[in-house]
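All chains should be modelled from the sequences, with the hints used to inform the complete structure.
Protein chains: 4
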Amino acid sequence: MLVVMRKDATDEQIHRVVDAIRKIGLIPHPIPGSMRTSIGVTGNIGRVNADHIGGMAGVLEIIHVTKPFKLTSREMIPEQTVIEIGDAQFGEGNPVIIAGPCAVESYEQMTTTASAVAEMGADMLRGGAFKPRTSPYSFQGMGLEGLKILNAARMRTGLPVVSEALDIESFPLVERYVDVIQIGARNMQNFELLRRAGRSKKPVLLKRGISATINEFLLAAEYVMSEGNYNVILCERGIRTYSNHSRFTLDIGAIPELRSLTHLPIIVDPSHAAGKRSTVIPLARASLAVGSDGLIIEVHPNPAEAVSDGPQSLTFDMFREFMSEVRQTPVRSRLVKEVLT
Amino acid sequence: MLVVMRKDATDEQIHRVVDAIRKIGLIPHPIPGSMRTSIGVTGNIGRVNADHIGGMAGVLEIIHVTKPFKLTSREMIPEQTVIEIGDAQFGEGNPVIIAGPCAVESYEQMTTTASAVAEMGADMLRGGAFKPRTSPYSFQGMGLEGLKILNAARMRTGLPVVSEALDIESFPLVERYVDVIQIGARNMQNFELLRRAGRSKKPVLLKRGISATINEFLLAAEYVMSEGNYNVILCERGIRTYSNHSRFTLDIGAIPELRSLTHLPIIVDPSHAAGKRSTVIPLARASLAVGSDGLIIEVHPNPAEAVSDGPQSLTFDMFREFMSEVRQTPVRSRLVKEVLT
Amino acid sequence: MLVVMRKDATDEQIHRVVDAIRKIGLIPHPIPGSMRTSIGVTGNIGRVNADHIGGMAGVLEIIHVTKPFKLTSREMIPEQTVIEIGDAQFGEGNPVIIAGPCAVESYEQMTTTASAVAEMGADMLRGGAFKPRTSPYSFQGMGLEGLKILNAARMRTGLPVVSEALDIESFPLVERYVDVIQIGARNMQNFELLRRAGRSKKPVLLKRGISATINEFLLAAEYVMSEGNYNVILCERGIRTYSNHSRFTLDIGAIPELRSLTHLPIIVDPSHAAGKRSTVIPLARASLAVGSDGLIIEVHPNPAEAVSDGPQSLTFDMFREFMSEVRQTPVRSRLVKEVLT
Amino acid sequence: MLVVMRKDATDEQIHRVVDAIRKIGLIPHPIPGSMRTSIGVTGNIGRVNADHIGGMAGVLEIIHVTKPFKLTSREMIPEQTVIEIGDAQFGEGNPVIIAGPCAVESYEQMTTTASAVAEMGADMLRGGAFKPRTSPYSFQGMGLEGLKILNAARMRTGLPVVSEALDIESFPLVERYVDVIQIGARNMQNFELLRRAGRSKKPVLLKRGISATINEFLLAAEYVMSEGNYNVILCERGIRTYSNHSRFTLDIGAIPELRSLTHLPIIVDPSHAAGKRSTVIPLARASLAVGSDGLIIEVHPNPAEAVSDGPQSLTFDMFREFMSEVRQTPVRSRLVKEVLT
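Residue numbers (our numbering), protein chains in the order written: chain A, 2 to 342; chain B, 2 to 342; chain C, 2 to 342; chain D, 2 to 342.
Honestly, the hints are just simulated from the structure, not real lab data. What you were told as hints is all true, and nothing was included just to trick you.
Treat identical chains as interchangeable: a pair holds within one or across any two.
Here are the simulated DMTMM-like cross-link-like pairs (lysine to aspartate or glutamate), alpha carbons at most 25 Å apart as the crow flies:
{"id": "1", "residue 1": "Lys8", "residue 2": "Glu217"}
{"id": "2", "residue 1": "Lys149", "residue 2": "Glu176"}
{"id": "3", "residue 1": "Lys277", "residue 2": "Glu13"}
{"id": "4", "residue 1": "Lys203", "residue 2": "Glu217"}
{"id": "5", "residue 1": "Lys8", "residue 2": "Glu62"}
{"id": "6", "residue 1": "Lys277", "residue 2": "Asp12"}
{"id": "7", "residue 1": "Lys71", "residue 2": "Asp9"}
{"id": "8", "residue 1": "Lys277", "residue 2": "Glu80"}
{"id": "9", "residue 1": "Lys202", "residue 2": "Glu170"}
{"id": "10", "residue 1": "Lys203", "residue 2": "Glu170"}
{"id": "11", "residue 1": "Lys202", "residue 2": "Glu80"}
{"id": "12", "residue 1": "Lys8", "residue 2": "Glu306"}
{"id": "13", "residue 1": "Lys203", "residue 2": "Glu146"}
{"id": "14", "residue 1": "Lys202", "residue 2": "Glu93"}
{"id": "15", "residue 1": "Lys277", "residue 2": "Glu322"}
{"id": "16", "residue 1": "Lys68", "residue 2": "Glu80"}
{"id": "17", "residue 1": "Lys24", "residue 2": "Asp12"}
{"id": "18", "residue 1": "Lys68", "residue 2": "Glu217"}
Here it is in structure tokens:
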């Protein structure tokens with residue numbers, strides 16, 4: 002931590018800050034400069050709550066040096082976490098492809114999709130049974146019925162299943178039926194839900210909030226991990242910016258940044274970022290090229306009749322072609338090594 | 002709703018879209034232009050889920066005309082909602098001032114602050130008992146103990162109290178002890194919590210999410226209202242932008258915009274937007290001038306020792322001076338009338 | 002400046018950085034912490050270009066402490082700059098109101114507007130003769146003819162005139178005819194134009210770029226001042242954010258922030274931020290309340306027929322009512338003092 | 002164009018709008034809905050300036066359907082533009098790689114870099130002779146001397162050269178010495194400079210402004226093209242968002258979006274988006290995967306001593322490895338076809 006004093010700070014103000022630093026058990030190192038004095042602060046394990054010093058007379062600014070995250074941090078735990086779910090291995094080098102409809106709509110829709118994407122080479126299934134909807138008047142998902150259909154789709158294909166747990170109430174149900182529990186972007190700072198996920202035995206797929214910084218994203222993962230669940234898969238899914246040609250702006254640079262900061266696997270959701278079918282595959286290609294550990298993609302047997310996210314769902318034909326392309330080019334494994342060296 | 006066809010759309014594609022519109026019970030009005038055909042759609046009460054049409058061949062874009070909110074809408078309910086809590090009246094014309102510390106820290110801190118702000122003219126008290134914290138390692142609030150202290154502060158001063166309900170688990174506790182239940186910015190799309198608040202008999206103070214659009218904000222209020230609780234106070238508290246000189250960018254223009262769209266009262270939290278003490282009062286003045294129905298401001302007896310948000314908390318002296326200024330200039334009441342005429 | 006080393010930086014890497022700092026004439030102050038070493042750097046007058054140190058092995062981050070601006074800085078020049086133009090005084094305490102159409106369209110439109118706003122109490126006239134237009138196919142302004150009309154409007158009313166110099170080519174013309182030369186938001190980093198303005202004897206009204214930080218804004222003013230022209234009026238006019246209910250998001254907090262950082266006068270353009278008539282006056286009120294030294298507002302005799310910015314132009318009636326309100330409440334003068342103490 | 006009337010618009014207001022539309026030579030198509038009336042407008046070739054209708058009584062909103070660009074538009078000119086410069090072909094299918102230092106610093110620095118990148122497989126050289134700098138106190142480039150050095154580097158390697166023309170004054174010099182004239186992000190709406198570039202015989206590399214929409218970007222290209230210069234290469238280089246882990250947020254989805262809207266070649270600058278060396282190559286890979294027609298990358302013989310942008314410059318070793326990777330995987334050519342079908 003560095004405390005920057007104002008140019009016109011008095012000696013007495015500087016002394017008072019130095020004392021305040023000592024008072025919270027840390028060691029002040031005043032650095033008198035030609036224009037102003039700064040005070041280096043050491044002795045802290047992790048980030049210190051010294052915000053109140055920012056409000057003391059003569060202080061211009063507080064600059065934090067130590068990152069506030071621990072269990073998620075590659076500085077703390079250098080080796081890459083690999084999370085195995087069935088045959089899929091997140092973080093091992095080959096991208097894991099998760100596919101399926103936005104929402105479970107019927108037995109037929111889900112099993113047809115499951116069989117199709119399994120045959121085309123997908124590693125896991127997705128499908129929402131509980132749907133977060135901006136409007137209370139929109140379709141809210143099939144609930145338990147949807148989870149049972151997901152289970153049937155898993156039985157038929159052997160593919161593990163991921164689905165969103167929307168709230169505390171439905172968490173146990175989702176936990177029972179799925180292989181990976183998704184925490185959605187809107188819930189990235191629903192701390193009660195994060196803690197509940199942290200007490201689960203099932204792996205968690207944590208989506209980045211649409212206006213979350215990397216720090217906030219990792220601290221959300223830290224909430225889950227601090228309760229004992231170390232199996233967290235991070236998912237970049239686009240952020241909200243002024244740029245209005247796509248639904249969200251995929252923050253593609255977040256993947257290498259996260260790679261260097263954390264040992265957790267990182268995947269990308271190109272469908273929600275794109276918001277329209279024609280951009281999904283280009284973003285998926287970019288995500289694999291940049292070093293993503295996997296993708297979660299919306300695929301629907303008949304997007305024109307999808308209950309939600311129809312415009313951004315791939316058709317079977319598009320997904321088939323994309324998968325044949327993916328399986329030919331296993332380029333990613335070198336990336337992890339690069340970042341780590 | 003307007004369906005815009007591509008320049009090169011075939012007649013058959015246009016016919017298929019026209020049929021699809023009829024199929025969902027609406028009336029298509031094709032408008033052939035010199036460059037392309039558009040299709041006006043009528044017959045819908047409220048917003049229609051016709052997203053799948055956006056994915057049909059030949060369609061360039063879908064443009065929604067009807068706003069998706071109902072109970073919050075001034076088009077539906079033209080007269081201004083006034084919410085009375087003790088002597089405070091939100092939406093009646095005079096700004097309601099809510100003051101107090103970010104977090105309840107001790108009996109003494111809270112009662113001292115309560116007595117001070119009451120004497121200076123505040124209308125209500127604030128104080129967090131359950132605190133949403135970005136890091137799991139930060140102070141999480143005093144919980145029930147904090148609520149009891151808030152209650153003591155209310156008894157002593159007669160001022161009603163607002164405090165945040167962070168999650169479903171703590172909701173009933175908060176509901177029992179406070180006069181107004183706050184839903185924080187991070188929870189603006191925690192739909193389970195919104196619905197729970199909608200089943201409460203107590204008024205709700207709903208903060209805008211840091212990346213929420215006005216539409217999303219009003220739909221969050223719609224979640225509360227659709228469960229039967231019509232006493233919702235909206236609160237603008239700054240949005241996340243690239244502009245890094247303040248903690249958040251106060252979207253001051255949102256107040257007149259909301260005024261024209263909704264009949265609900267609208268207040269402003271200048272403290273979280275500012276992030277530093279010196280900017281809080283300027284933003285508070287701007288908020289009253291723009292037509293806010295009230296303010297929620299952080300005040301602390303000794304900001305340098307505050308557990309959270311110290312740098313943005315006003316001292317007693319600053320708050321006293323601000324209040325004497327506020328009570329001299331009741332400028333706002335004309336604004337509501339202006340917007341409505 | 003502070004150089005933060007990686008946790009795993011070797012002693013040799015630290016030594017090499019220490020040497021590199023000495024090599025550019027500065028003094029390194031290593032601060033060994035429990036987790037990592039940081040190196041304080043002193044001896045620099047102003048900001049040092051030591052970016053290359055950020056790329057050295059073992060370095061995690063470079064943190065700059067000294068602000069990069071000088072002539073604009075209140076730390077350097079504490080007393081408020083007051084700029085007098087005719088009877089108008091920017092920065093003296095009473096807000097200066099500039100009014101007029103977006104573009105000069107005809108002799109009649111401009112002189113009618115000038116007479117009207119003069120009679121209603123405006124201090125200065127605005128009107129664009131050279132218009133920056135996003136599309137090459139839009140109306141580009143009346144040019145020299147427009148400047149002559151502006152001049153006629155000045156003669157008739159006695160009000161000084163501000164108009165935009167769009168480029169180097171038209172600069173001398175604008176400079177000859179107007180009292181204050183406007184540099185528009187799109188040109189805030191057109192350094193050639195800024196330098197040219199810096200060699201003018203006429204005051205400059207510099208608008209903030211729609212994605213400029215406060216630092217970049219002040220450095221743009223620094224370009225003008227470094228050429229010898231110290232009469233720069235800063236103008237906040239809204240920034241580009243995700244929030245789509247208004248044309249731009251007025252960064253109202255920038256005014257107190259700028260007030261504390263610079264001695265230059267600061268005004269607000271509520272018209273371009275709002276983008277629609279109904280929000281202009283609320284934003285204007287907020288701007289005066291927050292401490293703006295003035296306003297620049299679009300007023301048009303018949304907005305429905307305006308060549309540009311019609312929807313955001315006030316009618317004469319709206320402007321008259323606003324001015325009667327402004328002239329009754331001279332609240333601002335205390336603000337400067339507050340910030341400075 | 003669609004004019005949306007307010008719910009409470011009177012018949013007379015609707016008639017007046019209908020008349021106003023006819024008055025500007027267009028054809029109104031009223032569509033009475035259950036809640037409100039909308040009025041479709043046809044007859045316009047290109048976008049109409051009917052903004053003033055937005056300000057008429059009873060009008061809620063104006064929605065534009067026709068895109069405002071023409072010469073850049075793929076709807077107008079369906080076939081892909083290919084721009085040949087020496088052996089490099091932008092838009093033909095194989096990515097063109099442009100490499101070199103941020104700024105020309107010396108004869109030795111430039112010729113060493115040129116020889117190195119030529120030998121490693123680069124197609125073109127970059128190097129700034131005139132540098133746009135946020136601060137007037139930063140190094141502003143070597144000017145004419147720098148251009149001569151660039152010329153020497155071209156002679157030695159045979160590689161064509163791109164360099165930025167910063168302003169009208171230096172434009173003719175840059176134009177004489179380089180093969181492609183760069184217009185930088187800060188100048189994307191410097192319309193005088195765009196028009197000047199439009200009168201040049203040399204191809205133009207136009208960078209997207211850091212807060213430009215896709216529409217504004219294409220309209221900037223339209224300025225160049227409308228003066229007769231059809232050889233415009235578009236360059237995405239990152240946009241300004243709240244996300245602060247990289248210097249800018251690469252808007253990777255803009256590439257497929259631009260591909261569908263325009264026939265002009267599109268390249269990416271991963272260096273300025275990344276802002277740090279370790280992220281440049283991941284972003285470069287993503288850009289090629291998403292379908293970019295090329296890359297412009299900063300490479301420096303000794304980044305630790307670079308005058309500008311040192312931290313984001315690749316070393317020779319990094320660039321060599323990247324080039325060997327690029328030359329093995331010519332994946333892009335299928336993309337153009339996909340988008341177009």
